[in-house]
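J.: Those protein sequence lines, which keep their order, are chains A and B. Each residue of the first sequence is one higher than the one before, starting from 64 at the first, in this note's numbering. Each residue of the second sequence is one higher than the one before, starting from 64 at the first, in this note's numbering.
Because the hints were derived from the structure by calculation, they are not lab data. In this text, all values refer to a predicted model and were calculated from it rather than measured experimentally. Just to be clear, a hint being listed does not mean it is correct.
[Claimed, not checked] Below 30 angstroms or equal to it, Euclidean Cα-Cα: the simulated DSSO-like pairs (lysine-lysine) are:
no., chain 1, residue 1, chain 2, residue 2
1, A, K113, A, K307
2, B, K147, A, K382
3, A, K83, A, K382
4, A, K227, A, K198
5, A, K147, B, K198
6, B, K113, A, K113
7, B, K258, B, K198
8, B, K83, B, K382
9, A, K193, A, K227
10, A, K258, A, K193
11, B, K147, A, K113
12, B, K83, B, K193
13, A, K193, A, K83
14, A, K147, B, K83
15, B, K113, B, K193
One-letter residues, chain by chain:
Number of protein chains: 2
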Amino acid sequence: MTRAPDLNLVPFVSVDHMMKLVLTIGTERFLTELSAYIEEDFQRWESFDKTPRVAAHSLDGVIELMPTSDGTLYGFKYVNGHPKNIQDGRQTVTAFGVLADVATGYPVLMTEMTILTALRTAAMSALAAKYLAPKGADTMAIIGNGAQSEFQALAFKAILGVTKLRLYDIDPVATRKCAFNLRNAGFEITACQSKQEAVEGAQIVTTVTADKQYATILTDNMIGSGIHINAVGGDCPGKTELHKDILLRSDIFVEYPPQTRIEGEIQQLAADHPVIELWEVITGRTQGRRDGQQITLFDSVGFAIEDFSALRYVRDRLKATGLYQNLDLLADPDEPRDLYGMLLRHEATIQGAA
Amino acid sequence: MTRAPDLNLVPFVSVDHMMKLVLTIGTERFLTELSAYIEEDFQRWESFDKTPRVAAHSLDGVIELMPTSDGTLYGFKYVNGHPKNIQDGRQTVTAFGVLADVATGYPVLMTEMTILTALRTAAMSALAAKYLAPKGADTMAIIGNGAQSEFQALAFKAILGVTKLRLYDIDPVATRKCAFNLRNAGFEITACQSKQEAVEGAQIVTTVTADKQYATILTDNMIGSGIHINAVGGDCPGKTELHKDILLRSDIFVEYPPQTRIEGEIQQLAADHPVIELWEVITGRTQGRRDGQQITLFDSVGFAIEDFSALRYVRDRLKATGLYQNLDLLADPDEPRDLYGMLLRHEATIQGAA
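Isolated chain A, as found in the complex (with noise of 0.2 angstroms):
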């Protein structure tokens, strides 16, 4: 019998070592890269295991485990959403997400992913912005300015080339911790006094807004021909940002749409109002953005294989950084039956330290 050593450890990525991960790399590399992997799984859509979250809801928020799997590795990410939780300090969005072998069922990696998500969010949205925004956009305006707008300034920065950011949020604070966090970023940035000012001139727009509930961030005047929408915020049974008349003017594209008309923007429509699958865009078996005059819509909500795409993408950058410490979570006893004998056997180490 061949035994692999340590088999009890699995490697955990803490907050402070994906911080450090993400300094070491650099955020924009970081997101440039992370877009990579998500495409490359795009590219790969159909060898997945695809099913809607598992969620608990509650008054207060939902919690939900997002699993899936390639047939190789399965990954799951822990998740929750409670939009209360700001007000004693806490973050609205936490998550935390592991990898696993599919042969032998052993986690092969345990991450936080609260900052990760964050990252891999941004990186999607840019990817979809790549094959749905016009050529050469390069004026972003980011409706909502609280923890994910930095990170789809970057991301964009990084894959489209943007450079000018139009920022708007209902509380100015927000726009001027934005705008103070980017200062040094290379953006051109113009704080607005409405969202109807951001808007002027921008090719791309971000809502990004977390308020729980059917908000109506954009109307149907603010939004020109040739735009492409970026709409984040609205994730969840409930929540969205967008009026429909929006909706109804736009081509739709979708991460997985058994998932998204149950959270996105959508929900607003019939259950066959027709969307395009981004996994078709990318692997180019439909068109993105056919000409300049052409409203396209990607109606973000998050789906686990980007969530598999980021947890591949920590893991292959992990041996290297050595940015992570092995926690001993596997049970492995000398002999795999004797899982009573390896607690005896520890008791009498005990005993014999005393």
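Position chain B relative to chain A; hints supplied.
T.: Chain B alone, transformed into the frame defined by chain A:
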């Protein structure tokens, strides 16, 4: 704004800490107390969100997520089942789990659950037998002497007063291992040469074999009247241990019918074959054992609520024992909307230190 300290930290119980926890409390006391936690949760069965496990099947095994919630706490377990793992020194089943606060979605405990699952499975078996086994039963046959066997023996000793064990395994090495591990545990142990010999004089018959196949560990002629069968090993589609004729002579008790009909011994029976839910027995709504002639069968597959009870139990024992470490699992920016700012400030800290 009031902020709890150390919002980023989640207590983690490693394999080493779990072993120390079990040894500090004592295996039999741990099983008894854990069984009481399970009993408490079965008594409020109706207050739980229940869902069949979310399974990802592959050629070599299965990876499952088992979530449940009582509205205040949310728990899930990650567990794999890979029979071939034993060939390269890995466990057939490994597991870990998380308990979280429903109000905030924040995890409050992460723990190894390979050892803990072995304990909760045995605690559950003994709890069922407390309601179903014939009065005064002191002799148990254990067919299958692998990793679960000692835990079954100790749970039945602690909770029912079983003191005589009749062990059988197709591999005599497994029987010797089990007998050796239990040599000082206060049992009268008989190592048997056949299944037939093992069941002689036993009021309780526990089957806990591991092959993933339709097996016939018990045939009809081996089971006399009045016996309680604790069928632990048949726990996934295509894996059963009992001849169908035994099922037809037994009153069958199950954890959660929608799951047991897929995974349990009753996958051999019609989908509407009558079964009794154990929680109804534990709450007193339905009778368990009626008389000394009845054959009772606990068709055990393991349900998420039992893992939830186990997570609760471990969490309640942490403070007094200190047997955990804190994991830096949750991003905790000073200002919840300023996740990217946290990264920037981390960079400044690193540069300041350099």
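J.: Hint by hint, note whether the structure agrees.
T.: These are the hints, each one checked on the structure:
1. The hinted pair formed by A:K113 and A:K307 meets the criterion: a straight-line CA distance of about 28 angstroms does not exceed 30 angstroms.
2. Of the supplied pair hints, the one linking B:K147 and A:K382 holds, its CA atoms being roughly 28 angstroms apart against a limit of 30 angstroms.
3. Only pairs whose Cα atoms come within 30 angstroms are accepted, and A:K83 paired with A:K382 is accepted, the gap being roughly 14 angstroms.
4. Restraint check for A:K227 and A:K198: the C-alpha separation of about 15 angstroms stays at or below 30 angstroms, so the hint holds.
5. At most 30 angstroms may separate the alpha-carbon atoms for a hinted pair to count; A:K147 and B:K198 exceed this at roughly 53 angstroms.
6. A distance of roughly 22 angstroms separates the Cα atoms of B:K113 and A:K113; the hinted pair therefore holds under the 30 angstroms criterion.
7. For the hint linking B:K258 to B:K198, the alpha-carbon distance of about 24 angstroms falls within 30 angstroms, and the restraint holds.
8. Our distance criterion of 30 angstroms between C-alpha atoms is met by B:K83 and B:K382, whose separation comes to about 14 angstroms.
9. Distance check on the hinted pair: A:K193 and A:K227 sit about 17 angstroms apart at the alpha-carbon level, within 30 angstroms; holds.
10. Restraint check for A:K258 and A:K193: satisfied, since their Cα atoms lie roughly 24 angstroms apart, inside the 30 angstroms limit.
11. At roughly 26 angstroms between alpha-carbon atoms, B:K147 and A:K113 fall within 30 angstroms of each other, so this suggested pair holds.
12. Our distance criterion of 30 angstroms between C-alpha atoms is met by B:K83 and B:K193, whose separation comes to about 28 angstroms.
13. Under the criterion of a C-alpha separation no larger than 30 angstroms, the hint pairing A:K193 with A:K83 is consistent with the structure, at around 28 angstroms.
14. For the given pair, A:K147 sits about 38 angstroms from B:K83 by alpha-carbon distance, which is inconsistent with the 30 angstroms threshold.
15. For the hint linking B:K113 to B:K193, the alpha-carbon distance of about 24 angstroms falls within 30 angstroms, and the restraint holds.
Taken one by one, the earlier hints fail for this structure at numbers 5, 14, listed in ascending order.
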